[in-house]
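Trainee: As given, the protein sequences belong to chains A and B, one line each in that order.
The numbering of the first sequence is the working numbering, which starts it at 1 and goes up by one.
The numbering of the second sequence is the working numbering, which starts it at 1001 and goes up by one.
Calculated directly from the structure, the hints in this document are not laboratory data.
Check the hints yourself; a few may be wrong.
Pairs of lysine-lysine, DSBU-like flavour, derived with a Cα cap of 30 Å [said to hold, decoys possible]: (1) LYS1305/B with LYS377/A; (2) LYS303/A with LYS1263/B; (3) LYS1353/B with LYS119/A; (4) LYS319/A with LYS331/A; (5) LYS1346/B with LYS386/A; (6) LYS331/A with LYS310/A; (7) LYS187/A with LYS1139/B; (8) LYS386/A with LYS1273/B; (9) LYS331/A with LYS1263/B; (10) LYS330/A with LYS1255/B; (11) LYS1255/B with LYS377/A; (12) LYS204/A with LYS180/A; (13) LYS330/A with LYS1369/B; (14) LYS1263/B with LYS377/A; (15) LYS1255/B with LYS1115/B; (16) LYS303/A with LYS319/A; (17) LYS290/A with LYS1255/B; (18) LYS1200/B with LYS1305/B; (19) LYS391/A with LYS1346/B; (20) LYS319/A with LYS1346/B; (21) LYS386/A with LYS1305/B; (22) LYS119/A with LYS187/A; (23) LYS1263/B with LYS386/A; (24) LYS331/A with LYS1305/B.
Here chain A is said to cover these stretches of chain B; the calculated rule only asks that three of the stretch's residues, wherever they fall, bring their Cβ under 8 Å from a Cβ of chain A [stated by the list, open to error]: (25) 1217 to 1230; (26) 1235 to 1242; (27) 1250 to 1263.
Keep in mind it's a predicted model, so treat the numbers as computed, not measured.
A virtual CB, placed ideally from N, CA and C, is assigned to each residue, including glycine.
One letter stands for each residue in the lines below.
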Amino acid sequence: MSSFTGYLQQVTQAWLVKDGQRLADYLSLHHYHVKMITCFNSNTEALIDMHVDQDMEEMVTAHLQCVNALNEKEFVKAYGYQNAVLQALSKLFQILKDENWLLPVMNTVCLDLRLMAIKADSVPGGGGGGGGDAGGKPGCLEKAAESLMTCFRICAADNRASDRNTKKWGMLPLVNQLFKVYFRINKLHLMKPLIRAIESSPLKDRYLISQQITYRYYVGRKALFDSDYTSANEYLSFAFERCHRKSKKNKRLILIYLVPVKILLGYMPTRAVLEKYSLLQLWEVVEAVKCGRVYQLVAAMQKHQAFFIKCGIFLILEKLKIITYRNLFKKVYLVGQTPVIPMSHLLAALRIMEGADIDLEEAHCILANLIYEGKVKGYISFTHQKVVLSKTDPFPKLSTLA
Amino acid sequence: MAYSTSDTHPSLTPPGYIDPKVKKELENQPFVIGKCPQMCPVSEIKMREREGLIHLLETDPSVFPEKRRREKLRCDPAKAVKCYQRSAAGLDLQNPNLLRPPLVLSQTVDYLLTKVVYDERLPWSERYSFIFDRLRAVKQDLIIQQPNALDCIRILEPMVRFYVVSAYWGTRNDNNGKQETVSADFSPVLNRKQLEECLKYLLSLYDEVGDFNCSSRSQMEAVYQLLYLGETEALLRGIVLPIEIMSQDVQHALKVSLAWYNKQYSTVIRNSKHLSLFLSMAFSLSLPRIRRHALDVMNTAYSSKNLHFPLEVLTCILNFQNAYEARLCCENYGVTVSENRVCFLKGNFAADKQEMDFNGVEYIDEALKRNKLCNLLMNNLDGANTTNICCDIDKLQLNEE
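Only chain A is shown next, with the shape it has when bound in the complex (with noise of 0.2 Å):
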């Protein structure tokens, strides 16, 4: 016991010298002290009693039970207790006007929030609707973006205090845990407050490097979803170039959504990068957009659905069938090497390249789509079902294009 009368020193310790970092780890789920802690009962609140600020007493109080209900492996309970840390937390957060040492402690507790939801809400029959989107119970997810919601906005009210002590610090690794809580219960929408809040916050390049890059990361996944290919580029690149080299899984995860963002833009990945970061999945993808062959894409599509389901690249997959008609007809055009072509070579090509069932309409609204969207320069007769191709540079570079 004289072990757990020095845990409760140590908090105390913390707290009075304000060092915001040490106390965070004290009150983590993730610290050495959770092995230690075994029970919980009347007498280790009269030790909390006996040893700790009396600010602090709720805090603690609720952090122990849900170091105890974790070791009994009562998820549900555990989550409950949680957030009962938090939000003694954040009362005692937005008390301490111009002061933001607790940060540290608010992303600890924040953080093991997030992940104690997600263990809650797998236990069956536990903490409500699974956290699905299923319009029934909440799940403990949802639940947990709500107070997480709440510290988000002691943080971004927090408008008097200096740079150096304001709160605000705390806007982007919140939003970082957002994100990923939205990303889970599939509720992209609700991004576009948090995005906007962050774009025209003065601190924005100022955060954290790892923090900035958490964020573009899943600022560019939602670009994505909304089928913004540069904007995705242009988040996702950067999460890519200044994301540590020793961060391999991580550098992966961005990988997944960059290459169909670059090939839709006409930048090919070599297969050594793919290789490096084995997703050779998207090598014959590659593979089949670079040589026109559809059927190939389509092969692959299939062979990797599950995880191109997973990873949510599924859809924009489908997308580069539209860069693989362009190089088939690219490819149709070099080997005649004449600007004006007849329908009746390109509906050949697309036979042999996507499947027999192909008819001669289908060929031309393909070419007209391209032709639309500049991506082969040219016009169409009809009468004389030919394409007619610009002199110079019928097919044009695609990364010229976006």
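Assemble the complex: chain A is given as a structure, and chain B must be docked to it using the hints.
Mentor: Frame of chain A, contents of chain B only:
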């Protein structure tokens, strides 16, 4: 304690966000269970008779429209249906005596969609607005009571079908070009709003009941794909649907939606012909949009001062009823047509022009003549469960005067 959670930045509140305190109250409060045994509470009947607010469709069949303006109507209690009322101060929506339990709601929907649709005393437009209002009240009762998912599903499915069919017929002109009276009562926007709300409610219920296989789920999933043609969110739901939901209908609907995702109008229209009658109606709502885009694309791709595009081919590609309709559509967007030849010329396309009014699709109209409306609405496509009333009154013509 000197803090409050209310001093928040207003713009930071996400849409659909409910104050946690209010939400907590809602969660702890059990939902009301209705006790009203009839389609319309007695007190409402009395009030509406007194105020002269009885609808002709709620009276005995012997009462004719002419009577309507001269005197206050008395209603047939078996035909009265609860009106929609907006929530307002002083109005107790939670009163169980005014709420109908799921079974009564289900009977109400059944009554409206198998009997009132056929009441020939009034033109379709007026029947439509009557049913529209009463279904809205049904939905309100449902939302207040939140009965179990399977009950809700049974009530909502026919409602969705009603909105789809109405949307298909809604704003069309007669073949003579004579404007129908519908326009006054039918608002495509409001109809669409109800349709979307009901459909999204349904989808969330399907997710809630999970594996339980509801008879019409695949039809509704297909409708969802077709209403949100080519939209990322719908497609993402579509491609991960469980295999038992992937009926032929859903597969075709998905194919169409994916083709539109890449704007392959030709494939879209070709695949749309495989859809069942009901789904074709849902699809046809997007036709004006598809045609507009296709014409825009073709106007660029086939642009030439000397060359022409045959009107006949265009009619076929974009599934117009006839060359005349195709021509009207072209001209609406500033594309000139002379002697059955379309002259596409870059720059001529009037992109700011409103979409063309929609006049239905011939093969759907033809098929509709062979189907009974009530069967379509209740999804008894084999006719096996036809109620005898429907057999009798099968002179249905939706657009009759």
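Trainee: Against this structure, judge whether each hint is valid.
Mentor: Here is how each hint holds up against the structure:
For the hint linking LYS1305/B to LYS377/A, the alpha-carbon distance of about 17 Å falls within 30 Å, and the restraint holds. For the hint linking LYS303/A to LYS1263/B, the alpha-carbon distance of about 25 Å falls within 30 Å, and the restraint holds. Between LYS1353/B and LYS119/A the alpha-carbon distance is near 53 Å, which puts this suggested pair outside the 30 Å criterion. With a C-alpha separation of about 20 Å, the suggested pair LYS319/A and LYS331/A falls inside the 30 Å cut-off, and the hint holds.
Between LYS1346/B and LYS386/A the alpha-carbon distance is near 18 Å, which keeps this suggested pair within the 30 Å criterion. The hinted pair formed by LYS331/A and LYS310/A fails the criterion: a straight-line CA distance of about 34 Å is larger than 30 Å. About 25 Å separates the Cα atoms of LYS187/A and LYS1139/B, which keeps this hinted pair within 30 Å; it holds. This hinted pair checks out: LYS386/A and LYS1273/B have alpha carbons roughly 28 Å apart, not beyond 30 Å.
Proposed proximity of LYS331/A and LYS1263/B is supported: the alpha carbons are some 23 Å apart, at most 30 Å. A hinted pair counts as satisfied when its Cα atoms are at most 30 Å apart, and LYS330/A with LYS1255/B qualifies at roughly 27 Å. Taken as a hint, the LYS1255/B and LYS377/A pair is honoured in the structure, with Cα atoms around 29 Å apart against an allowance of 30 Å. Between LYS204/A and LYS180/A the alpha-carbon distance is near 19 Å, which keeps this suggested pair within the 30 Å criterion.
At most 30 Å may separate the alpha-carbon atoms for a hinted pair to count; LYS330/A and LYS1369/B exceed this at roughly 49 Å. For the hint pairing LYS1263/B with LYS377/A, the CA-to-CA distance comes to about 19 Å; that is within 30 Å, so the pair holds. Pair hint LYS1255/B plus LYS1115/B does not hold up; C-alpha atoms about 36 Å apart against a cutoff of 30 Å. The straight-line distance between the Cα atoms of LYS303/A and LYS319/A is roughly 17 Å, inside the 30 Å bound, and the hint therefore holds.
Proposed proximity of LYS290/A and LYS1255/B is supported: the alpha carbons are some 25 Å apart, at most 30 Å. Of the pairs offered as hints, the one joining LYS1200/B and LYS1305/B is violated, with about 48 Å between alpha carbons and a cut-off of 30 Å exceeded. For the hint pairing LYS391/A with LYS1346/B, the CA-to-CA distance comes to about 19 Å; that is within 30 Å, so the pair holds. Of the pairs offered as hints, the one joining LYS319/A and LYS1346/B holds, with about 26 Å between alpha carbons and a cut-off of 30 Å not exceeded.
Restraint check for LYS386/A and LYS1305/B: satisfied, since their Cα atoms lie roughly 16 Å apart, inside the 30 Å limit. About 19 Å separates the Cα atoms of LYS119/A and LYS187/A, which keeps this hinted pair within 30 Å; it holds. At roughly 22 Å between alpha-carbon atoms, LYS1263/B and LYS386/A fall within 30 Å of each other, so this suggested pair holds. Between the alpha carbons of LYS331/A and LYS1305/B the distance comes to roughly 29 Å, so the proposed pair stays at or under 30 Å and holds.
Here's how the stretch 1217 to 1230 of chain B fares: 0 of its residues keep a CB closer than 8 Å to some CB of chain A, so the rule of at least three is not met and the hint is violated. Under the rule that three or more residues need a Cβ within less than 8 Å of chain A, the assignment of the stretch 1235 to 1242 of chain B holds, with 4 such residues. Beta-carbon proximity to chain A at under 8 Å applies to 4 residues in the stretch 1250 to 1263 of chain B; the threshold of 3 is reached and the given coverage holds.
This entry does not satisfy hints 3, 6, 13, 15, 18, 25, going by the numbered hints stated previously.
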